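There are 4 protein chains.
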Amino acid sequence: MKTQNPGGATDSLRATLLVSCRDRTGLVAALSDFVFRNGGNIIDADQHAELETGLFFMRLVWDLARFQLDRRGIDAGLADLERRFGLSFDLSYSDRRPRVAVFASRAPHCLYDLMLSHQLGELHGDLVLVVSNHDDLRPIAGHFGVRFEHVPVSADDKSPAESAQQALLRETDIDVVVLARYMQILSPAFVTSWSGRIINIHHSFLPAFVGARPYHQAKARGVKIIGATAHYVTSDLDQGPIIDQDVCRVSHRDEVSDLAQKGRELERQVLTRAVRLHLDRRVLISENRTIVFG
Amino acid sequence: MKTQNPGGATDSLRATLLVSCRDRTGLVAALSDFVFRNGGNIIDADQHAELETGLFFMRLVWDLARFQLDRRGIDAGLADLERRFGLSFDLSYSDRRPRVAVFASRAPHCLYDLMLSHQLGELHGDLVLVVSNHDDLRPIAGHFGVRFEHVPVSADDKSPAESAQQALLRETDIDVVVLARYMQILSPAFVTSWSGRIINIHHSFLPAFVGARPYHQAKARGVKIIGATAHYVTSDLDQGPIIDQDVCRVSHRDEVSDLAQKGRELERQVLTRAVRLHLDRRVLISENRTIVFG
Amino acid sequence: MKTQNPGGATDSLRATLLVSCRDRTGLVAALSDFVFRNGGNIIDADQHAELETGLFFMRLVWDLARFQLDRRGIDAGLADLERRFGLSFDLSYSDRRPRVAVFASRAPHCLYDLMLSHQLGELHGDLVLVVSNHDDLRPIAGHFGVRFEHVPVSADDKSPAESAQQALLRETDIDVVVLARYMQILSPAFVTSWSGRIINIHHSFLPAFVGARPYHQAKARGVKIIGATAHYVTSDLDQGPIIDQDVCRVSHRDEVSDLAQKGRELERQVLTRAVRLHLDRRVLISENRTIVFG
Amino acid sequence: MKTQNPGGATDSLRATLLVSCRDRTGLVAALSDFVFRNGGNIIDADQHAELETGLFFMRLVWDLARFQLDRRGIDAGLADLERRFGLSFDLSYSDRRPRVAVFASRAPHCLYDLMLSHQLGELHGDLVLVVSNHDDLRPIAGHFGVRFEHVPVSADDKSPAESAQQALLRETDIDVVVLARYMQILSPAFVTSWSGRIINIHHSFLPAFVGARPYHQAKARGVKIIGATAHYVTSDLDQGPIIDQDVCRVSHRDEVSDLAQKGRELERQVLTRAVRLHLDRRVLISENRTIVFG
Numbered sequence: 328m329k330t331q332n333p334g335g336a337t338d339s340l341r342a343t344l345l346v347s348c349r350d351r352t353g354l355v356a357a358l359s360d361f362v363f364r365n366g367g368n369i370i371d372a373d374q375h376a377e378l379e380t381g382l383f384f385m386r387l388v389w390d391l392a393r394f395q396l397d398r399r400g401i402d403a404g405l406a407d408l409e410r411r412f413g414l415s416f417d418l419s420y421s422d423r424r425p426r427v428a429v430f431a432s433r434a435p436h437c438l439y440d441l442m443l444s445h446q447l448g449e450l451h452g453d454l455v456l457v458v459s460n461h462d463d464l465r466p467i468a469g470h471f472g473v474r475f476e477h478v479p480v481s482a483d484d485k486s487p488a489e490s491a492q493q494a495l496l497r498e499t500d501i502d503v504v505v506l507a508r509y510m511q512i513l514s515p516a517f518v519t520s521w522s523g524r525i526i527n528i529h530h531s532f533l534p535a536f537v538g539a540r541p542y543h544q545a546k547a548r549g550v551k552i553i554g555a556t557a558h559y560v561t562s563d564l565d566q567g568p569i570i571d572q573d574v575c576r577v578s579h580r581d582e583v584s585d586l587a588q589k590g591r592e593l594e595r596q597v598l599t600r601a602v603r604l605h606l607d608r609r610v611l612i613s614e615n616r617t618i619v620f621g
Numbered sequence: 328m329k330t331q332n333p334g335g336a337t338d339s340l341r342a343t344l345l346v347s348c349r350d351r352t353g354l355v356a357a358l359s360d361f362v363f364r365n366g367g368n369i370i371d372a373d374q375h376a377e378l379e380t381g382l383f384f385m386r387l388v389w390d391l392a393r394f395q396l397d398r399r400g401i402d403a404g405l406a407d408l409e410r411r412f413g414l415s416f417d418l419s420y421s422d423r424r425p426r427v428a429v430f431a432s433r434a435p436h437c438l439y440d441l442m443l444s445h446q447l448g449e450l451h452g453d454l455v456l457v458v459s460n461h462d463d464l465r466p467i468a469g470h471f472g473v474r475f476e477h478v479p480v481s482a483d484d485k486s487p488a489e490s491a492q493q494a495l496l497r498e499t500d501i502d503v504v505v506l507a508r509y510m511q512i513l514s515p516a517f518v519t520s521w522s523g524r525i526i527n528i529h530h531s532f533l534p535a536f537v538g539a540r541p542y543h544q545a546k547a548r549g550v551k552i553i554g555a556t557a558h559y560v561t562s563d564l565d566q567g568p569i570i571d572q573d574v575c576r577v578s579h580r581d582e583v584s585d586l587a588q589k590g591r592e593l594e595r596q597v598l599t600r601a602v603r604l605h606l607d608r609r610v611l612i613s614e615n616r617t618i619v620f621g
Numbered sequence: 328m329k330t331q332n333p334g335g336a337t338d339s340l341r342a343t344l345l346v347s348c349r350d351r352t353g354l355v356a357a358l359s360d361f362v363f364r365n366g367g368n369i370i371d372a373d374q375h376a377e378l379e380t381g382l383f384f385m386r387l388v389w390d391l392a393r394f395q396l397d398r399r400g401i402d403a404g405l406a407d408l409e410r411r412f413g414l415s416f417d418l419s420y421s422d423r424r425p426r427v428a429v430f431a432s433r434a435p436h437c438l439y440d441l442m443l444s445h446q447l448g449e450l451h452g453d454l455v456l457v458v459s460n461h462d463d464l465r466p467i468a469g470h471f472g473v474r475f476e477h478v479p480v481s482a483d484d485k486s487p488a489e490s491a492q493q494a495l496l497r498e499t500d501i502d503v504v505v506l507a508r509y510m511q512i513l514s515p516a517f518v519t520s521w522s523g524r525i526i527n528i529h530h531s532f533l534p535a536f537v538g539a540r541p542y543h544q545a546k547a548r549g550v551k552i553i554g555a556t557a558h559y560v561t562s563d564l565d566q567g568p569i570i571d572q573d574v575c576r577v578s579h580r581d582e583v584s585d586l587a588q589k590g591r592e593l594e595r596q597v598l599t600r601a602v603r604l605h606l607d608r609r610v611l612i613s614e615n616r617t618i619v620f621g
Numbered sequence: 328m329k330t331q332n333p334g335g336a337t338d339s340l341r342a343t344l345l346v347s348c349r350d351r352t353g354l355v356a357a358l359s360d361f362v363f364r365n366g367g368n369i370i371d372a373d374q375h376a377e378l379e380t381g382l383f384f385m386r387l388v389w390d391l392a393r394f395q396l397d398r399r400g401i402d403a404g405l406a407d408l409e410r411r412f413g414l415s416f417d418l419s420y421s422d423r424r425p426r427v428a429v430f431a432s433r434a435p436h437c438l439y440d441l442m443l444s445h446q447l448g449e450l451h452g453d454l455v456l457v458v459s460n461h462d463d464l465r466p467i468a469g470h471f472g473v474r475f476e477h478v479p480v481s482a483d484d485k486s487p488a489e490s491a492q493q494a495l496l497r498e499t500d501i502d503v504v505v506l507a508r509y510m511q512i513l514s515p516a517f518v519t520s521w522s523g524r525i526i527n528i529h530h531s532f533l534p535a536f537v538g539a540r541p542y543h544q545a546k547a548r549g550v551k552i553i554g555a556t557a558h559y560v561t562s563d564l565d566q567g568p569i570i571d572q573d574v575c576r577v578s579h580r581d582e583v584s585d586l587a588q589k590g591r592e593l594e595r596q597v598l599t600r601a602v603r604l605h606l607d608r609r610v611l612i613s614e615n616r617t618i619v620f621g
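Going down the list, the protein sequences come from chains U, V, R and C. Per our numbering, the very first residue in the first sequence carries number 328; after that it's consecutive. Per our numbering, the very first residue in the second sequence carries number 328; after that it's consecutive. Per our numbering, the very first residue in the third sequence carries number 328; after that it's consecutive. Per our numbering, the very first residue in the fourth sequence carries number 328; after that it's consecutive.
Be aware that one or more of the hints could be misleading.
[Claimed, not checked] Distance condition first, Cα-Cα at most 25 angstroms in a straight line; then the derived SDA-like pairs of lysine to any residue:
id, chain 1, residue 1, chain 2, residue 2
1, V, K589, U, G381
2, U, K589, V, L447
3, R, K589, U, R398
4, V, K589, C, P534
[Unchecked claim] Incomplete in silico selection of chain R near chain V, CB under 8 angstroms:
id, residue
5, G353
6, F363
7, Q374
8, H375
9, D402
10, N615
11, V619
12, G621
[As the list claims (entries may be wrong)] Quick look at which bits of chain C chain U covers, simulated, 3 or more residues with Cβ under 8 angstroms:
id, stretch
13, 340-354
14, 372-384
15, 561-567
Simulated from the structure, these hints should not be mistaken for laboratory data. Small disclaimer: the values here were computed from a predicted structure and weren't measured. Every residue gets a Cβ at the ideal spot worked out from N, C-alpha and C, and that includes glycine.
Take the sequences, apply the hints, and build the full model.
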């Protein structure tokens, strides 16, 4: 049975550690020594000390094949490092695949792209649930063999819908929620309970054209390049930490409908790429920015 | 009933004319005067005289709403211009949607992208047939409601398969064949009979890495950018007129499997874009090059 | 003596006509017939009717070698078309090279790029004057043999400086002013008197990060792509019609100084490209947008 | 006196270590422990173990402010690691700025770009010598205050020229030679003596269009994207390890002269970027590929 590894060709078991803290001497040595002393082989280490803020960020991936600590032992070791260096960390194992729910509305393009990427084995995670405020996309989930739940949202009171959504996410043991052109605004309470674990696609090159109808805005402003932005959702609309962006050239010949079509191409690429980066544990949130280990 | 127009927001009936010939004085005037005299309104005119070769290329789109000639009359008028100026032309009407067949093998990504683009109304044509030398992709065609035919190809003798394919193409009245990662080489006879009407996607930035396993070649050469190329198929493998290309950045961290994954993204984008350009009658073949009216 | 032509390999004499008006039947025919009847050969014709606004735009380039009208005759002919169709036009001849002034402050990169492009014969115009509010860049102008004028600007009252600048522009018979990282805001009166003829480079991907210190804003927002924008100057700061834009990828490893360095690369490319487009008569202003004939 | 640091905002003294060897457990720990035990603070650590080849690559930058070893001590420590792990390394200090010579012929654009980048403080090295087989570019070197030497090259016998060049490089204590559109082929002996220290710009997207007149080849093949490639020079023409590449879109409207102009933009950007990466010690050569630490 093949275990999908983040960017890996083999199926060895691996641990991935994301660390952030205030920079101080000895952090890299302490972390790599912890791996080495216990028999781990480091596959990938990427570290960055940000001079402007004095912050330290690191991503460390090691092979667990001959590692001498079990997971409890690893927890204890990291807790010790946490105390000594005041670091925050996020640890994951390649045999615990994150579980993903997709929220969508009527537009199918981002959902197809995620489903296809999953089917092709490109995502280090399992897409197990689609939730929608409409029933239109049910056949797509069905085609890919993924559970679909229609949760209508009332304009008057969104809380019943959100309660139902939360129950579904708990029931299916979801780790991350992807908003694939989901046209409802989530409540601050919902967002807070999934902090750093909701990924949205915005159909503009943020911070340009926040808000509604960005393609109309782009046409009116006469820009020569349009874009799309994947970001973590915060209670501050369109302001969350950016994970990835991409752009394409447009011209006066592009009507709003052409911008929308080019935009759809960007949206699905950027969203799927952002989800892949997140599932590969390559994204670290630091205040309102992300560190993306390439 | 909405007629999909090339890049158009409305559903008026239109004619699109592609012209190429040796350049001579009066061509633009004669062509636009032909439209005007007969009551047509020009929506889009794009002309280019190539100084290096002395060739003339033009794309002319006009509204037929109040046009005084019927189609027979238009044919007669163009035949007259053909005689006077020695021009070659290709004329199409927006109410005659081109019919598209997709040839695929086992890889689903390009097929999904074409199907989705069709479903979203982005293609000015009808995707009516999928032919494959394997049966794997049948459910995809089924999901999108498109006829699927499994035509196995024998390594010893491809002619029975090609006869079956030709019969299917005739039967379904196909205008253009799209090779969506179809892993069989078509015979020169087949290619000739569909000259200028078979579009292929090659998974490299041609002319770099012609032939097999371009991602392995790219990894070995250590390039920093990979690409994909959509081109018309000629009997000269990987040498046909290029319609579109695109690229993305890679690094030493990308293993061959990562290059393949990034490549799949490029392949589907570039192929779908090329098919869209072809169906919008924006591509004119001139010897071994294309003129793409943007 | 070689005459530099817009994008041309030969040195034949040409006329370039830019037209905009409300769309109506017969415009393309009338314009191309005007050229043809008088013996001109059309080199390039690019026309676009914008369905959403009902506007018509066209760029027409023709060879004057055997044209039967002299310039007075051409003026008369166009005046006639102007009356019949209510069109606005801009006519230029390839033997009348536009004269360019560059306004700069202390940053040399955009000035070098323009000067080099000019020296290499890439600009269809003559760069004849550099005006600066500092004296630092004088040696660059000297190296390229271009007149340099130091016009200090007082924070209290900019009008004496602007009067001096206007006098210089008149004296040197300037057609277009390029702000190459010129760090002074021009008065509405100045801008109005050069309407559609001042090109500025803004160091962000407008409309993102208007105002000051865009690289600091970009760093704070954590964007993954930065850009630069060349636009015509209007009295509404950073809001004028966009001519060209470009972008490049950045990461968390880029400090503000790195963003500034990558930005300098973008700024010079985009500004020089915009100036080249303008001098090639490829840019038509329509309200607050541009039509750029590619 | 400010010391220019690789990508750094401050002027602290730093060491940069590039390591490659066969991968084995404990490498990262041993290297980072070496820095930590001796009081160094790691600024940047980027490591990659390549599964396909079993090779290990690392770039390590640390602050020397409170480092307890002097340079002799560092040499001894690294020699010890070299023995234990069989690693190859390249060590450099931020106060020893590499010295750069530029070889050019008649085309000025790449030379200007390098000179300007140097003047703006963007290069972590000193551009101290320009060598040319023509005298045309002397004024550019003079303008930037850099020594210029005209070394004519005879088609019959290049060895006197190469002897003179070698003498100049020795005399000026050069570390790296940049071929900025230098139109002479260097002898294998010359190339070998500067192995891994000659950077060339090739005006195509290698491996497409090797050899002469790539823009003519690109036009004939009808590609939609052209590129430029910076690479280390080996005795195998156009086959050396690629450092960086970039591309831009072209169309049928671009004549060969337009391709050349767009190409010049790419050439200078890519070459200057490659030189910057090399001087920042971000490039490690592994057989015929490079590892570029981003």
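Here is how each hint holds up against the structure:
no., hint, verdict
1, V:K589 / U:G381, "35 angstroms, violated"
2, U:K589 / V:L447, "12 angstroms, holds"
3, R:K589 / U:R398, "44 angstroms, violated"
4, V:K589 / C:P534, "19 angstroms, holds"
5, G353, "5 angstroms, holds"
6, F363, "3 angstroms, holds"
7, Q374, "4 angstroms, holds"
8, H375, "6 angstroms, holds"
9, D402, "20 angstroms, violated"
10, N615, "21 angstroms, violated"
11, V619, "11 angstroms, violated"
12, G621, "6 angstroms, holds"
13, 340-354, "holds (count 5)"
14, 372-384, "holds (count 7)"
15, 561-567, "violated (count 0)"
Hint compliance for this structure: hints 1, 3, 9, 10, 11 and 15 are not met, and every other hint is.
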